[in-house]
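Colleague: My request is simple: use the sequences and hints to build the entire structure.
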Amino acid sequence: MRRLGALPLWLTYVFLYTPVVVLVVMSFNRSESPYEWGGFGTGWYGTLVRDDEVLRGLGNTVIVAAGATALSTVLGTLLAVGLARHASRSRVLHALSVMPAVLPDIVLAIGLLAFYSLISATLGLHSVLLAHTVFGLAFVTAVVRARIAHVDPSLEEASRDLGAGEITTFLRVTLPTLAPGIVAGALLVFTLSLDEFVIAFFTAGPQDPTLPIVVYSMIRFGVTPEINALATLLLAVSFTVVIAAQRMSRLTEAL
Amino acid sequence: MSGGRLKAGPAVRARARLALIGPGFSYLVVLLVLPLALVIGYSVFQRGRFGGIAYEDGVTGDNFARLADPLYAGVLTDSLRIAGLTTVLALALGYPTAYAITRLPARWRTVALVLVVLPFWTNFLIRTYAWIVLLSSEGVVNSALTGIGVIDRPLELLYTDTAVVVGLLYAYLPLMVLPLYSAIERVDPRLLEASADLGARPVRTFLSVTLPLTLPGVLTGCVFVFVPSLGNFVVPELLGGGRTVMVGNLIRDQFLSARDWPFGSVLALALMAFLVLLLMAQAWAGQRLGGRR
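These protein sequences, in sequence, are chains S and V.
Heads up: the first sequence at position 79 corresponds to 79 in my numbering, and the numbers run straight through without jumps.
Heads up: the second sequence at position 124 corresponds to 124 in my numbering, and the numbers run straight through without jumps.
If you're looking for bench data, these hints aren't it; they were derived computationally from the structure.
Warning: the hint list may mix true and false statements.
Said to hold, decoys possible - Pair ranges (Cβ atoms, derived):
#	chain 1	residue 1	chain 2	residue 2	range
1	S	Leu7	V	Gly48	33 to 41 Å
2	S	Phe15	V	Ala11	57 to 65 Å
3	V	Thr77	S	Asp152	30 to 38 Å
4	V	Asp62	S	Arg247	54 to 62 Å
5	V	Leu277	S	Ala245	32 to 40 Å
6	V	Ala14	S	Phe15	50 to 58 Å
What the hints assert, rightly or not - Covered stretches of chain V (in silico footprint by chain S; criterion: 3 or more residues with CB under 8 Å from a CB of chain S, positions within the stretch not fixed):
#	segment
7	74-82
8	190-196
In this text, all values refer to a predicted model and were calculated from it rather than measured experimentally.
Where a beta carbon is used, it is the ideal one built from N, C-alpha and C, also for glycine.
Modeller: Quick look at the structure:
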């Protein structure tokens with residue numbers, strides 16, 4: 001009975017990891033087809049690192065993710081502290097701050113496209129960056145607020161009683177105690193922005209595709225094993241980041 | 001400043017409040033509320049001849065009436081059917097999976113859970129693409145099956161509704177397992193013991209104790225899977241090969257190729273309406289279940 005109980009778990013793992021394993025194996029394929037095995041070779045990785053379009057897409061994605069992360073972290077942290085300390089009962093503010101996380105991405109995407117076109121903004125990396133900050137801000141706010149719930153407000157009161165002003169208290173007491181939450185929120189936004197496709201697809205100009213947009217057109221038009229190599233590298237990066245984040249959160253919990 | 005030496009007065013607090021909440025709040029008003037208001041507003045106008053909105057033609061309800069057109073109503077029901085089937089399958093696989101994880105020794109639980117969530121953190125397009133490699137006519141599954149002689153001609157696996165459901169299930173299964181896991185883990189083991197002591201068999205205990213107590217988690221998981229499945233346009237396009245049109249594809253086409261923004265807005269509002277109904281049902285059920293305890 002116990003043994004039978006673990007069966008669904010193994011089934012889920014097989015379902016989740018078979019495609020991953022197949023992609024990785026197929027990336028070391030010498031043949032021209034992404035599906036058929038033609039012997040071991042690392043040639044497609046060579047093609048990949050010389051592919052200008054992929055490299056440019058990667059550069060664009062990193063710019064967008066870094067910018068959106070920075071902006072989201074600042075705005076989200078301030079908002080989280082403000083909501084927790086000054087507006088904990090405002091349901092409107094609370095609803096507004098979680099809305100981007102529950103809204104279907106396509107709805108946010110068309111809304112932003114309509115908005116950009118209304119104000120006649122040119123589309124480019126900046127418009128994607130601003131769009132990603134909308135959901136990034138929501139995630140940072142949520143993560144930092146969860147952290148605030150564990151922080152004793154009497155620390156801040158003590159700081160004020162000892163003569164520190166509001167700004168000093170915020171910088172020297174509030175921020176350091178929230179640091180693990182802020183770092184976790186920033187990491188989350190960076191990863192989400194790196195992988196985000198739908199909103200970028202609608203709000204990026206034709207000149208500056210992000211990496212997911214490049215991947216999308218590679219899948220749609222002309223599938224070569226190069227994409228298997230790219231997929232394997234992206235998998236490796238995501239897995240490393242997630243496992244590192246997991247380790248880090250365990251470390252900070254232990255502290 | 002001398003004001004800082006005293007307890008923060010109302011003026012200082014008001015300024016702090018503005019400095020903390022102001023920037024984020026304004027950002028969300030401009031880049032979230034305004035865009036959504038535009039989508040709502042556009043739904044009652046007519047499309048311009050070259051795309052955009054023809055404000056001079058006045059307001060109309062025609063865009064909403066078009067939802068009843070069999071072509072579009074068909075797309076909506078297809079979307080609901082596919083997203084619904086995905087949700088049911090995710091629950092059928094996710095519940096026993098989450099249950100199995102809660103029965104593991106404590107030190108293995110986190111690892112087991114991380115392993116379920118890990119693929120979710122990889123690029124969504126890559127995860128979808130992997131199924132093309134597996135399911136295409138020259139793909140891995142077909143080559144394996146022909147290789148061992150089970151079939152002589154490749155099966156048509158890719159570009160079917162089934163492929164779309166599999167792709168959506170693959171994409172969102174972790175979102176089902178997580179809330180289920182935390183719901184099942186919270187069930188007090190003493191309740192299960194009490195049920196067993198009173199003579200209930202394991203199946204009976206599960207049906208009348210565990211399942212009702214974890215129903216809020218079930219509902220959360222269903223919303224988490226159903227909502228993104230319903231609005232998805234990438235999986236139907238890449239794995240359905242254009243044959244499976246879902247409401248997400250339709251919205252994308254209205255905005256990017258047909259350039260009929262008013263009708264696209266109506267479709268987006270229909271999507272939102274399902275979402276709101278679902279969240280309301282979830283809140284209602286959660287309250288009822290919470291009140292009974």
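Colleague: Against each hint, give a clear statement of whether it holds in the structure.
Modeller: Each hint, compared with the structure:
1. Leu7(S) - Gly48(V): 33 to 41 Å: 58 Å, violated
2. Phe15(S) - Ala11(V): 57 to 65 Å: 60 Å, holds
3. Thr77(V) - Asp152(S): 30 to 38 Å: 53 Å, violated
4. Asp62(V) - Arg247(S): 54 to 62 Å: The hinted range 54 to 62 Å holds for Asp62(V) and Arg247(S), with Cβ atoms some 57 Å apart.
5. Leu277(V) - Ala245(S): 32 to 40 Å: Holds, at about 35 Å.
6. Ala14(V) - Phe15(S): 50 to 58 Å: At roughly 55 Å between Cβ atoms, Phe15(S) and Ala14(V) fall inside 50 to 58 Å, so the hint holds.
7. 74-82: violated (count 0)
8. 190-196: Violated, because only 0 residues of the segment 190-196 of chain V bring their Cβ atoms closer than 8 Å to Cβ atoms of chain S.
Hints 1, 3, 7 and 8 from the earlier list are contradicted by this structure; the remaining hints agree with it.
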